[in-house]
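Working from the sequences, and respecting the hints, build out all of it.
What follows is each chain in one-letter form.
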Amino acid sequence: MNETVRETVGGSASGTGTWTPVCPLSRIDVEGGVTALVGGRAVAVFRTFADEVFALDNVDPFSRASVLARGIVGTRGDVDFVASPMHKQAFALRTGECLDDPTVRVAAYDVRVVDGTVEVGGVRGAR
Amino acid sequence: MSTPAPRTPDRPRLVVVGHGMVGHRLVQAAIERGLTETHDVVVIGDETHAAYDRVGLTTFFEVGAEALSLLPTGVYDDPRVRLVLGSAVTGIDTASRTVRFAEGDLAYDELVLATGAAPFVPPVEGRDLEGCFVYRTLGDLEAIRDAATAGARVGAVVGGGLLGLEAANALRQLGLETHVVEMATRLMAVQVDDAGGAVLRRHVEALGLTVHTDARTTAVLGEDGRVTGLGLADADDLPADLVVFSAGIRPRDALAREAGLEVAERGGVLVDERCRTSDPHVWAVGECAAPAGRVYGLVAPGYAMAEVVVDALVGGPGTFTGADMSTKLKLMGVDVASFGDAFAATEGSLELVYADAVAGVYKKLVVSDDGRTLLGGMLVGDASAYGVLRPMVASGIALPDNPEDLILPAGRGAATEVGLPDEAQVCSCNDVSKADITAAVAREDDPCDSASCVTRCTGAGSTCGSCKPVVKKIVEDFFAEQGRVVDRSLCEHFAMTRQELFDAIAVGGHTGFDAVVAAHGTGRGCDVCKPTVASILASLLNHHVLDAANRVVQDTNDAYLANIQKNGTYSVMPRIAGGEVTPEGLVVLGEVARDFGLYTKITGGQRIDLLGARMEDLPAIWRRLVDAGFESGHAYGKSLRTVKSCVGSTWCRYGVQDSTSLAIMLEHRYRGLRSPHKIKGGVSGCARECAEARGKDFGVIATEKGWNLYVAGNGGANPVHARLLAQDLDTETLVRYLDRFLMYYVRTADRLQRTAPWVEGLDGGLDRVREVVVDDALGLGSELEAAMDAHVDTYVDEWAATLEDPEKLARFTSFVNAPDVPDPNISFGVTRGQAEPVLHEGPVDLGATIGVGAPR
Ligand code: SRM
Ligand SMILES: Cc1cc2nc3c(=O)[nH]c(=O)nc-3n(C[C@H](O)[C@H](O)[C@H](O)COP(=O)(O)OP(=O)(O)OC[C@H]3O[C@@H](n4cnc5c(N)ncnc54)[C@H](O)[C@@H]3O)c2cc1C
Ligand code: SF4
Ligand code: FES
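Heads up: the protein sequence lines correspond to chains G and Y, in order. Positions -19 to 107 (my numbering) are the ones given, in order, by the first sequence. Positions 37 to 892 (my numbering) are the ones given, in order, by the second sequence.
Be careful, since some hints might not be right.
[To be verified] No more than 20 Å apart at the CA atoms, straight line, and that leaves these computed lysine-lysine pairs for PhoX-like:
#	chain 1	residue 1	chain 2	residue 2
1	G	Lys68	Y	Lys637
2	Y	Lys602	Y	Lys637
3	G	Lys68	Y	Lys714
[Said to hold, decoys possible] Taking beta-carbon pairs under 8 Å as the criterion, some of the chain Y residues facing chain G (in silico):
#	residue
4	Val91
5	Gly561
6	Lys566
7	Val588
8	Thr592
9	Ala595
10	Ile600
11	Gly604
12	Asp859
13	Arg868
14	Gly869
15	Glu872
16	Leu882
17	Gly883
Bear in mind the hints are in silico, worked out from the structure with no lab data behind them. The beta carbon of each residue, even a glycine, is placed where N, CA and C say it ideally should be.
Right under this line is the structure:
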């Protein structure tokens, strides 16, 4: 069993200020994504062209498959978004809001880069 | 079947008898013009199919019933319309205002008869024998096809008019030796004169049909109740085992007669200018109606009548005062058109004739005595001018100074440059004028941006299609005049078409998305332009799609070299070129599938799909497959999929060429070629076509002399048969043509456009393709071949290369921070002994379900 995992799973508590280090920033392609295990859940972590980092729940609410990290990252107007690899619905990276259907959103996580390491925190805002 | 809803007193009911072309148009118009806001509509048709394109009936053997349907769903969107099929109306009582049909008596407030016409079968002895048919409905054609496949060899068509020739051509296409028996001295006697008839006859004979003119059928001969031939006046008997009567039509006016409604002297329900019968609540439209005593055997006047009746019912003033009887024959390869006063019946009219017996062309214009107005004409062998000439007649516009230019061969004439006035009727089938077309492209709100959009919005070009070139020209001229560029932007990031982008990238020598978007786009791209650029770069460079510079712009499936499945797992589909696989290969596939728990299925493309692989298992699975000699099948790519084969001459007793070897060779040649959409091929060893090659983007069918090459077929949502590009080719020439064809497609097609719509949309269509590929008219041939050679020379197996590269392999992991933990969101059940995906309600929380510290 992987050390990191045990720690993060143990320390899991969403929105309580716990930060889980997931990987070096260099591990994420620019305009790419990776999946991380954070608090027992699959979280998609993205890196934009401007080198900002965002994290969303990895499960696409439309297809219910755990795949968002594998989508194409781009822009719609000024909004950074990822297109679900399943049926191409667009989700805003910053908020998790679905740009094609405002009634749908995925959880967005706090995320930061500390000394070149990406760390994911809890879900943004109230659940 | 449910009983008809009781009539609500406040909602009057309109009953339509007959769901053919005109009945359907009437219902459409009733919905569009709001008649259904006040009326309930019940339509009763006796055919089992909902209304279909009878004009296109002959294409049934090629495209099937579904493509012909005018109402593919079988129901109208409007819930106030009820359609009853397979049920005949057997009586009308105008006093109680009811009609009788299978469900009982149905009351109406207004009744429309749209019962069409029935083929006329001359009262000759033997006409009821088994093997006698008419040519009017889908049911008729199904019966003819069944008889042809059940062994009929010789067919005879009684009647050499427009419909008779269509029927004869259909018999020929079914493989029958076909005779046309015509009583008059020439074919299509109603539309063309003797000189035109003679030219037409040569064309028809060149198709392989035998024509008998001056031949009156006196009896159908038979034995044991089955047809054996035709007895002819003053000629020997004609042996035949299938007879199709096409000797004219008779309006179906029996219901009206029995109800005591007035009928015309020569048949047809007599109606006034508003299409009202002698009973004020009964109307008649289409081929069963006789406005001013005359029956119109064409669809356009029927449509006009349908509009007039709906107009009357909503309180409008419309009238029907006669119609254009222009016709154009759609027989493959033979153009015949006749319009206006084709026989120069107008007093003092003059004729202008152009004839080229060698080329088989005969054209005649009938002009007014001062030579200023076109009155009519006929075109045989080349009807390309029809689209421009016919509206000139209808609108009576002044002829140019040299009217003969209009019928001189292209290049010398200026037919397409003649400006039409706004009121000119461009589409006679749907009564669409030039002004209607320009209105559709000019309107404020959501204007049409293409000819095909105009066809959808106005109907122009949607029936017989003969006006399409003119529609396109009007749309293009309009845009040119406006100085407006049609918006063909790929997406918000690139204001160019795929073809323009392709050229820009090729010229600019770009190798990555960043450079392309910097040079030609805005923003950071999206799921539309990124894969498009990725595909173009791959076509041009043939690099590895997972190279660092471009892996994040790949389409979903390319990004992991596998096809994503509904639960986020992947399918694995190694290449099985031509469908040929060794027993050892099968054993390996079986072992891999077993060891990784993969669902296994034979695909529709002659290979084996292993489904349900977790992303992180893909490298290990492919290690085993590559070691056993398999390579990527590119099932995930917009690239060559499979070249389907049959066993061919190696095993099959009918095979005339080695289709399997050719299929494997072609699949290996074009594998990995990234293209606008996927490409599929097929090779059959003889005309029996077991490989279904004509359903593919390219299809090869063996002949005694070599190979016939067909292109631009499609299965899928809009099936199209591939069409013949070149015949009896040797293998080398075949490959050359295919290289050119595929590269031409790769360079010029739109994003996600298969070859069939690409060719359809090309200016000049298949002829254009033939010019480029076969005649090398653009001189592009060697360049296209060189591009293909470069592709073939640089091909490497993507999966083998990925396995050698740790950087590429690094992306195949479940969790970046927990590579040993499989994604808990993926679960399987079991069906028929194999794995099956199971979806969860929402995200699965490993911490909660499994407990801290034991995430597996
Ligand atoms: C596996 C297979 C079905 C099967 O179990 O047999 C299949 C599966 C899929 N087909 Fe297919 N098609 C399969 C044979 C066909 C065929 C038959 C054939 O190739 O002879 C056709 C009709 C022929 C044709 O393409 O003209 C076919 C017409 C389509 C279409 C419609 C294309 C069109 O032009 O309308 C799509 C949708 C698309 O590509 O946009 C499609 C799309 C798909 C996709 C990729 C849908 C998707 O995006 O998930 C499926 C995923 C494949 C996978 O492995 O996950 N598939 N599909 C067949 C794989 C054949 C192979 O060995 O490569
Ligand atoms: C092979 C072929 C090629 C043609 N080519 C052309 C062409 O190129 N150009 C052109 O303009 N026209 C062409 N036509 C003619 C065109 O198809 C007709 O003009 C058109 O279909 C007439 O439409 P309609 O609705 O009046 O009759 P139909 O389409 O015949 O529809 C009448 C419907 O009413 C049904 N019906 C009849 N009686 C009853 C009843 N008592 N109860 C219930 N239902 C009933 C019939 O079964 C039929 O389904 C062609 C026809 C054929 C057969
Ligand atoms: S297409 Fe011809 S050669 Fe090939 S299997 Fe069928 S019958 Fe045999
Ligand atoms: S003239 Fe027949 S579709 Fe336009």
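Right, here's what the structure says about each hint:
{"no.": "1", "hint": "G:Lys68 - Y:Lys637", "result": "violated (27 Å)"}
{"no.": "2", "hint": "Y:Lys602 - Y:Lys637", "result": "holds (16 Å)"}
{"no.": "3", "hint": "G:Lys68 - Y:Lys714", "result": "holds (19 Å)"}
{"no.": "4", "hint": "Val91", "result": "violated (39 Å)"}
{"no.": "5", "hint": "Gly561", "result": "holds (4 Å)"}
{"no.": "6", "hint": "Lys566", "result": "holds (5 Å)"}
{"no.": "7", "hint": "Val588", "result": "holds (4 Å)"}
{"no.": "8", "hint": "Thr592", "result": "holds (4 Å)"}
{"no.": "9", "hint": "Ala595", "result": "holds (6 Å)"}
{"no.": "10", "hint": "Ile600", "result": "holds (6 Å)"}
{"no.": "11", "hint": "Gly604", "result": "holds (4 Å)"}
{"no.": "12", "hint": "Asp859", "result": "holds (5 Å)"}
{"no.": "13", "hint": "Arg868", "result": "violated (23 Å)"}
{"no.": "14", "hint": "Gly869", "result": "violated (24 Å)"}
{"no.": "15", "hint": "Glu872", "result": "violated (15 Å)"}
{"no.": "16", "hint": "Leu882", "result": "holds (4 Å)"}
{"no.": "17", "hint": "Gly883", "result": "holds (3 Å)"}
Checked against the numbered hints given earlier, this structure breaks hints 1, 4, 13, 14 and 15; the rest are met.
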